[in-house]
Amino acid sequence: MATPATETGRAPSAPAQPPHVAKRPGFLDPRWFGFYALAALVLLFSALLPGTYPTSTNLTAVLNNESVGLMVAVALLIPIVAGQFDLSVASVLTLSMIVTVGCFQFFETPTWIACVAGVAVGALVGLINGFCVAWLRINSLVATLATGSMALGVALWWTNGSIFAENVPAGFRAIGDRIGFVPLPFIIAAVVCLVLWWILERTPTGRYLYAMGDSADAAKLVGLPTSGLTIGAFVASGTIAGAAGVVEAAILGSGNPQVGAGFLLPGFAAVFLGAAIYTIGRYNVIGTVIAVFVLAALVAGLQQFGLPFYIESLLKGAVLLVAVAITSGRFSR
Amino acid sequence: MSRTVGVRGVTKRFGTQKALDDVSIEFRAGEIHGLAGMNGSGKSTLVKVLAGIYTADDGDVTVDGEAIRPMSARHAQELGFRFIHQEPAVFATQTVLDNLALGAGYRHSRPGAVRVRAEQRAATAALAAVGVHDIDLRAPLGDLSPAQRTMVTIARAVQDLDGDGRLGLLVMDEPTASLPEHEVELVTDVVRRVVERGIAVVYITHDLGALLDLSDRVSVLRDGTLVTTTPTDQLGSRQLADLMAGDASEELARVRPDAGDADGPVVLRCERLEGGRLAPTDLSVRGGEIVGIAGLLGSGRSTLLRLIAGAQDRSGEIDVDGEALPAGNPRAAIRAGVALVPEDRRGHAAFAGMTTAENLTIASLDGVAKPWWIRHRREARAAREAMDEYDVRPRIPERRFGLLSGGNQQKAIIARWARTQPKLLLLDEPTQGVDVHARVQIHQAIAAMAERGMAVVVVSSDFGELMTLADRVAVMRRGRIHAELSGDRVSEAELLHLASND
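These protein sequence lines are chains H and S, in that order.
Under our numbering, the first sequence has 29 at position 29, and the numbering climbs by one with no breaks.
Under our numbering, the second sequence has 1 at position 1, and the numbering climbs by one with no breaks.
Among the hints, erroneous ones may be present.
Claimed, not checked - In silico EDC-like links for lysine to aspartate or glutamate, alpha-carbon gap of 16 Å or less:
#	chain 1	residue 1	chain 2	residue 2
1	H	K220	S	D313
2	S	K48	S	D58
3	H	K220	S	D173
4	S	K48	S	D173
5	S	K18	S	D64
6	S	K48	S	D60
7	S	K370	H	D177
8	S	K48	S	E66
9	S	K423	S	D344
Unchecked claim - A few chain S residues that face chain H, going by a derived Cβ cut-off under 10 Å, partial list only:
#	residue
10	L102
11	A309
12	G310
13	A332
14	P342
15	A349
16	N359
17	D366
18	W417
19	Q421
Claimed, not checked - So these bits of chain S aren't anywhere near chain H, every CB distance computed over 12 Å:
#	residue
20	A51
21	P111
22	G112
23	V114
24	A129
25	V227
26	H348
27	E358
28	H376
Everything labelled a hint here was simulated from the structure, so no lab data went into it.
Note that CB positions come from ideal geometry on N, CA and C, so glycine has one too.
Build out the structure end to end from the sequences listed, making use of the hints.
Shown next, in the form of structure tokens:
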């Protein structure tokens, strides 16, 4: 049955197959559904609320509100791609706010030093997370829950539970301003997303992170530096969460240890919804970004209809459940 | 009470292939019945018919000559059929007591409260009934030795088989394969005690010596048909091997009939390589040579490959092309030119959620990417070339890898490593779960790589495969290479005989 091998090892009996040409995804490809949903929501609410919804004021408000949420969501995304969870991002955001404003209040540092300090503290927590997961081999859920609690503890310790708001220079508050009707925080978030999209989709590092998330054992056996990649993913996550804290501090003009916790669940909802509406089953930057705005458009519209404030929590929790059922639960493919 | 369980005229088809063809066997109470056969001979299909997992297309499972209809997994359980697999389902962090009581449904307790005393008495009795007296009921099962764990599993399986007068059938599939040598006897003693209690035991193992030693009668399956059922006192290991292999072995054509003695440079040299299941072992392989490793489950055949590839910690020296490899470092091994196609394709090789192209290039992205930029077009071209050369179908580079058939996945994994141009290719069960056509293609791909000067080591539990593929075969047993064959001396029956006898 076996014939002597040809020199190329090519199978002798394989009939020629026409070369496959990659097709561009058509209009009905599921990957566009997220865009359609966003467009449909905006059109629907614009038709129902023509006076208040499709206005530049509303757009500016939404962009401003969501910029920090967007950064938190993509911060969560990186470890998730690599198969890990980072529950500490919300507390890191809080700590970074406190550190940044604390620099002004107690040391009257220049703006750039305060900003760098805020981002650096995020990177440091990320490094600790990476060390706990890659070297101590602690389950990432547990490790980041613990480090997050400690980060929040430090923030509460320094502030004693109060709000830092003194000596905040106008130059720092300008980070929370807008250029035309586009808020500067949104531009920062957009740049972060763009860089991250490039890293995850266009570089070997991103490819390796996805491989690790797919099968950690196989990743190790194809020679990927899995420990380094894990640490890198957590450092990136912490750094972005730190930057989000700096931006939030600039928007608020103060450091409030109560702000932060509310960002965690919406971030998760966006990441999982993103994997449910774009390149299905694969966590990705574009989907996450669309998901953030789908949720924002929905919440803004519903609230203008007079639905109470708690609708946001209910809605995002429900979205998280549905999205996970689609991406990795019963309805996954 | 001596009743007999059996199968009568059982035929099971999968598509057009008959996995079992008119098989009739009687398993008598108080008898250990050995089941022997090569891979794919129908042993596991027969077990699944007994367990009620498969329904026979023709024929029946019988008790005392009466057909059980319909047959289902629940019927099998109620009839007192018990099954123990290679990796028994146990709760390692729970105590011995809880493992035994769970298996019996805590029937000495009330719904509201576990009655510890009563459960302890029952557990002690269950262990004593199979001749085990020295196991601490309070110890977590994970803290016991592998043999003790197996003993508890056996006691758990048969604990409810007397008392209410139910007859029993205990089917054991390679129960001692994962045990260290000196513990095997402990488990076989327990099996003998089970039989003394009037339970019929079906014992499956590739280890022919152990099979002949333990069982009273043995049934030999080959290609789905029953060759013979015969008392073991008239049978030698050599004869049994011949019965299992049949004369099919002569039909197997060598993939590389004209390959002479390898005269390439020595690519792999292992000295006193040791780790996991492997006792200190020396091995050297030349470029252009295909070395087969024959061995039973648990012989250390996979461990050998994993140690060389750095997937597992080790001691001893490994040189690849004159370069010493550090221990337990797959990355360093790959850089030195080692490639491993692992046994567990799904868990250790495939990235099921990624595309076929991504799976093909993952180990060799340097060729198509800079650190900050994957050249997608170049990558797609490389993937297409690899898919053409190794006939990976469908030829859609962006197809999700998990959607490919097993054979195509395996061809892609081999292509993945071929792209790295390794000096040493290690393959563990390269054609397991692969269709016939893909099997031929994989063999030819392996042969072609050897032609190009690669050193190749193939592990396979399918000894026929080793005969068609390998230039020489090393036979492993109990963590050592204990024979080497080449040329005409390599026959399936001979390999089987050597692999299962000291």
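Against the structure, the hints come out as follows:
no.	hint	result
1	H/K220 x S/D313	holds (14 Å)
2	S/K48 x S/D58	holds (14 Å)
3	H/K220 x S/D173	violated (32 Å)
4	S/K48 x S/D173	holds (12 Å)
5	S/K18 x S/D64	violated (27 Å)
6	S/K48 x S/D60	holds (13 Å)
7	S/K370 x H/D177	violated (38 Å)
8	S/K48 x S/E66	violated (19 Å)
9	S/K423 x S/D344	violated (22 Å)
10	L102	violated (26 Å)
11	A309	holds (7 Å)
12	G310	holds (9 Å)
13	A332	holds (8 Å)
14	P342	holds (6 Å)
15	A349	holds (5 Å)
16	N359	holds (9 Å)
17	D366	holds (8 Å)
18	W417	holds (9 Å)
19	Q421	violated (13 Å)
20	A51	holds (28 Å)
21	P111	holds (31 Å)
22	G112	holds (34 Å)
23	V114	holds (30 Å)
24	A129	holds (41 Å)
25	V227	holds (23 Å)
26	H348	violated (5 Å)
27	E358	violated (7 Å)
28	H376	violated (8 Å)
In this structure, the earlier hints numbered 3, 5, 7, 8, 9, 10, 19, 26, 27 and 28 are contradicted, and the remaining ones agree with it.
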